[in-house]
Amino acid sequence: MDERQISIDQSREELTDKNAQPGMPVVYDIELDALIQHGVTVTAWMDEKQQRYLRGAIHGQVFETKPAEKFTVEMLRELSDLTMPSVRNSGLT
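Counting in this note's numbering, the sequence shown runs from 1009 upward without gaps.
Don't read these hints as lab results, they were simulated from the structure. Treat the hints with caution; some may be incorrect.
Listed next, with one range per pair, are the computed distances between beta-carbon atoms [what the hints assert, rightly or not]:
1. ASP1010 x PRO1093: 28 to 34 Å
2. GLY1068 x GLU1021: 28 to 34 Å
3. ALA1042 x LYS1074: 18 to 24 Å
4. GLU1021 x LYS1057: 16 to 22 Å
Ideal placement from N, C-alpha and C gives every residue a C-beta, glycine not left out.
With these hints in hand, go ahead and build the complete structure from the sequences.
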């Protein structure tokens, strides 16, 4: 599979709610920051079909979300569900 890493900032941009109130935290940012604070290395990817997905790595294990046309909050929640057992086992919760 031909894939390339894209910036987390681009994934944040795709998820930015243009109608959100300025200064209010975005759900995506809160969830992404929580994963990072728990030691998960999060990267954003795009395959040759322009499908986006997230990868999360912790303690040598790599988890990957299902691909989609754009980044979604549900995708981030999927990554959280995949990685949280490893986070809990590490004692970082």
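Numbers of the earlier hints that this structure fails to satisfy, in rising order = none
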